[in-house]
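Q: Counting from 1, position 477 in the sequence shown corresponds to residue 596 in my numbering; the numbering is continuous, with no gaps.
If you are wondering where the hints come from, they were derived from the structure by calculation, not from laboratory data.
Be aware that one or more of the hints could be misleading.
What the hints assert, rightly or not - Listed next, the in silico SDA-like pairs over lysine to any residue satisfying Cα-Cα at most 20 Å (straight line):
1) Lys495 x Leu712
2) Lys402 x Ala492
3) Lys637 x Asn689
4) Lys495 x Lys691
5) Lys714 x Phe742
6) Lys637 x Ile600
7) Lys698 x Ile594
8) Lys552 x Ala492
9) Lys691 x Asp673
10) Lys733 x Thr617
11) Lys373 x Ala492
12) Lys691 x Pro723
13) Lys319 x Asp291
14) Lys690 x Asp673
15) Lys637 x Asp673
16) Lys698 x Leu712
17) Lys402 x Lys362
18) Lys690 x Ile600
19) Lys658 x Met644
Claimed, not checked - Label pairs and their in silico Cβ distance ranges:
20) Leu535 x Phe330: 17 to 27 Å
21) Leu145 x Glu519: 44 to 54 Å
22) Gly353 x Ser668: 41 to 51 Å
23) Pro723 x Ile600: 13 to 23 Å
Glycine included, every Cβ here is placed at the ideal spot set by N, Cα and C.
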Amino acid sequence: MLSRKCILCEENGKENKTQFLLSRRLLSMLYRRVPVTKWIQGYHWKYIFSDTSAGLTMGIFNVPQGMAYSVLASLTPVYGLYASFFPPLLYFFFGSSRHISIGVFSITCLMVGQARLAILPDNVNGTHATEYKGMTDLTPVDVIIALAFVTGTVQIVLWILHLSFLSAYLSDSVVSGLTFGAAVHAFIAQIPSILGIKAKEGKTSGFLHIFSKLYGICIAIPSTNVATVILSAGTMLFLLLCKHFIEPPLIRRKIPLPSELIALIVTTILSRFLHFHERFGVKIVSHVPVGLPAPSVPRFELAPYLIGYGVSIAVVAYVVTLSMGKLFARKHKYQIDNDQEMLALGLTSFISSFFSVFPTSTSLSRSLINENAGAKTQVSGLISACAILCVILFIAPVLESLPNCVLSSIVAVALLSLLKKIAEVPYLWKFSKTDVIAWVATALGTFCWDIIEGLACGVVVALMTIIIRTQRPTISQLGRIGEHKFRCKATYTLAVSTEAPVIRFDAPVIFTNTELLKSSIRSTMERELNGDNENTDVKWRGVIVDCRSWTHTDAMGVEAVKEINEEMLNKKVLLIFAKLNSAIRIQYARAGLFKHLRESQFCPSLEDALTVAKMLQSDSQAFFQYEKHDSVGVL
Numbered sequence: 120m121l122s123r124k125c126i127l128c129e130e131n132g133k134e135n136k137t138q139f140l141l142s143r144r145l146l147s148m149l150y151r152r153v154p155v156t157k158w159i160q161g162y163h164w165k166y167i168f169s170d171t172s173a174g175l176t177m178g179i180f181n182v183p184q185g186m187a188y189s190v191l192a193s194l195t196p197v198y199g200l201y202a203s204f205f206p207p208l209l210y211f212f213f214g215s216s217r218h219i220s221i222g223v224f225s226i227t228c229l230m231v232g233q234a235r236l237a238i239l240p241d242n243v244n245g246t247h248a249t250e251y252k253g254m255t256d257l258t259p260v261d262v263i264i265a266l267a268f269v270t271g272t273v274q275i276v277l278w279i280l281h282l283s284f285l286s287a288y289l290s291d292s293v294v295s296g297l298t299f300g301a302a303v304h305a306f307i308a309q310i311p312s313i314l315g316i317k318a319k320e321g322k323t324s325g326f327l328h329i330f331s332k333l334y335g336i337c338i339a340i341p342s343t344n345v346a347t348v349i350l351s352a353g354t355m356l357f358l359l360l361c362k363h364f365i366e367p368p369l370i371r372r373k374i375p376l377p378s379e380l381i382a383l384i385v386t387t388i389l390s391r392f393l394h395f396h397e398r399f400g401v402k403i404v405s406h407v408p409v410g411l412p413a414p415s416v417p418r419f420e421l422a423p424y425l426i427g428y429g430v431s432i433a434v435v436a437y438v439v440t441l442s443m444g445k446l447f448a449r450k451h452k453y454q455i456d457n458d459q460e461m462l463a464l465g466l467t468s469f470i471s472s473f474f475s476v477f478p479t480s481t482s483l484s485r486s487l488i489n490e491n492a493g494a495k496t497q498v499s500g501l502i503s504a505c506a507i508l509c510v511i512l513f514i515a516p517v518l519e520s521l522p523n524c525v526l527s528s529i530v531a532v533a534l535l536s537l538l539k540k541i542a543e544v545p546y547l548w549k550f551s552k553t554d555v556i557a558w559v560a561t562a563l564g565t566f567c568w569d570i571i572e573g574l575a576c577g578v579v580v581a582l583m584t585i586i587i588r589t590q591r592p593t594i595s596q597l598g599r600i601g602e603h604k605f606r607c608k609a610t611y612t613l614a615v616s617t618e619a620p621v622i623r624f625d626a627p628v629i630f631t632n633t634e635l636l637k638s639s640i641r642s643t644m645e646r647e648l649n650g651d652n653e654n655t656d657v658k659w660r661g662v663i664v665d666c667r668s669w670t671h672t673d674a675m676g677v678e679a680v681k682e683i684n685e686e687m688l689n690k691k692v693l694l695i696f697a698k699l700n701s702a703i704r705i706q707y708a709r710a711g712l713f714k715h716l717r718e719s720q721f722c723p724s725l726e727d728a729l730t731v732a733k734m735l736q737s738d739s740q741a742f743f744q745y746e747k748h749d750s751v752g753v754l
């Protein structure tokens with residue numbers, strides 16, 4: 120009986136231990152995938168005032184930006200309010216950054232607008248139904264909901280497959296060129312509303328369709344509404360004066376000025392009491408629904424037509440979010456989880472797609488405002504979402520008198536900062552012409568076609584520049600400066616020639632540049648032989664190759680080293696490889712290259728390589744005999 124009890128107790132103990140370990144794993148997974156469950160336990164209530172203040176400030180900025188950027192996404196303003204409520208609320212639970220503001224963002228709104236217009240031309244007002252590819256009763260809202268669903272799904276798949284590293288292929292120059300090209304499209308799209316005209320519908324997609332839009336605007340200019348132009352000009356002038364003269368001194372004192380909100384309130388009041396719409400024909404927002412939208416299922420049949428846009432928006436949104444998240448994390452000394460950010464964005468877009476929300480991202484301006492206002496945790500985002508909820512539930516009907524041209528003017532002024540990115544080109548040209556090529560290719564692709572084509576052009580050109588750099592790397596002959604420093608002789612006039620020529624090949628030796636490596640070694644040796652008239656009786660010479668940039672190689676790279684080594688040995692020249700890393704040496708060993716290379720041909724430093732070269736040139740016979748017993752300065 121006693122033994123049976125012991126066995127039962129032992130089995131119960133193992134079962135309890137298994138359950139304990141399982142519960143700990145589940146708890147750890149919960150803490151990582153829903154970070155709020157962990158950090159909220161240690162929340163300092165002394166932060167509540169700072170978070171509340173920052174959240175309310177961010178909410179104030181969110182109202183005009185949400186409504187204006189919704190126009191940028193080719194939708195009615197109320198959808199911008201929805202996009203300013205649901206995503207921040209969801210990010211509060213899943214995000215790992217304490218300071219970024221999720222919601223409407225100019226670049227992603229531009230991309231959403233382009234996707235929406237590609238599916239449904241801009242001849243509907245956001246609610247009117249039409250047909251596309253046999254799908255009837257299709258509205259622009261259906262398109263953006265499906266796009267949010269696709270974007271979220273793509274981000275979740277990227278998280279599952281751990282493919283977030285793919286965002287590294289979007290260089291800053293590509294993103295900048297994409298932003299500029301998209302901003303041009305968006306700015307042109309605001310002109311009809313700013314002038315109060317109805318542009319003639321023309322070509323909405325394809326090569327150079329932007330000129331068709333410009334033509335439609337030009338022929339409609341005679342019907343310009345003067346009152347709308349005056350209102351637009353006044354709004355833009357006010358915003359520019361605020362941004363260039365009033366806001367800078369206030370920002371230095373950390374006092375945010377919601378100039379967009381001021382313009383929105385003032386013009387709404389004037390429009391309501393002066394009857395702009397009835398008396399002057401100024402178009403207004405008109406009906407703004409009260410309350411949250413009812414949940415709806417996305418039109419899944421649209422997904423195949425939106426996958427390209429979804430992938431591009433997913434990657435751009437992640438790049439922007441991660442960049443801002445890392446910026447604040449470094450500044451405030453905390454960690455963010457790169458993979459979790461991808462999951463957070465994916466879940467935010469996926470869940471929000473059931474509530475009439477278009478794809479969102481991190482706003483650069485609001486994130487900075489949030490941080491400057493004193494935000495300490497994600498609670499500020501929750502407060503901001505609550506502020507937007509109050510607007511949706513109680514204040515939205517007041518905005519019915521808001522002139523559409525005011526929202527377009529707010530967008531136009533915001534786009535000016537993106538259009539200024541063209542000023543980066545002269546700066547980049549001074550030191551990185553390949554970045555300029557990628558920038559111009561992306562901007563032209565976006566300008567002439569659309570965002571997807573522009574992004575594809577940029578990525579392809581950026582990858583081509585990498586290939587070109589490896590194909591035509593920098594090759595320099597080094598000289599000595601002082602005791603232990605070696606520099607390029609062409610750049611440093613103080614660098615003196617060494618006992619043996621030292622060349623640096625600044626690229627991994629791969630199939631694209633093997634011929635260049637061999638020709639550079641040959642030409643170096645020829646110059647050495649032609650210029651050396653004093654040591655005509657020297658039988659063996661050394662050529663040192665600085666291999667610090669050889670991070671990897673391939674089959675042709677290995678074969679090239681073998682071939683040039685044999686060629687030089689036939690000319691009584693010994694190649695000496697300095698600073699070659701262990702990974703490459705292991706590859707050489709596996710390829711059987713050490714059957715053709717001597718151990719003394721590998722040195723850990725240039726000084727050791729010069730010592731080997733001196734020994735070789737002073738007495739080659741003794742050197743090769745001595746090598747059998749010992750080696751000088753090898754790894």
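Q: Against the earlier hints, flag every one the structure doesn't satisfy and list their numbers going up.
A: Violated: hints 1, 2, 4, 6, 8, 9, 12, 13, 14, 17, 18, 22.
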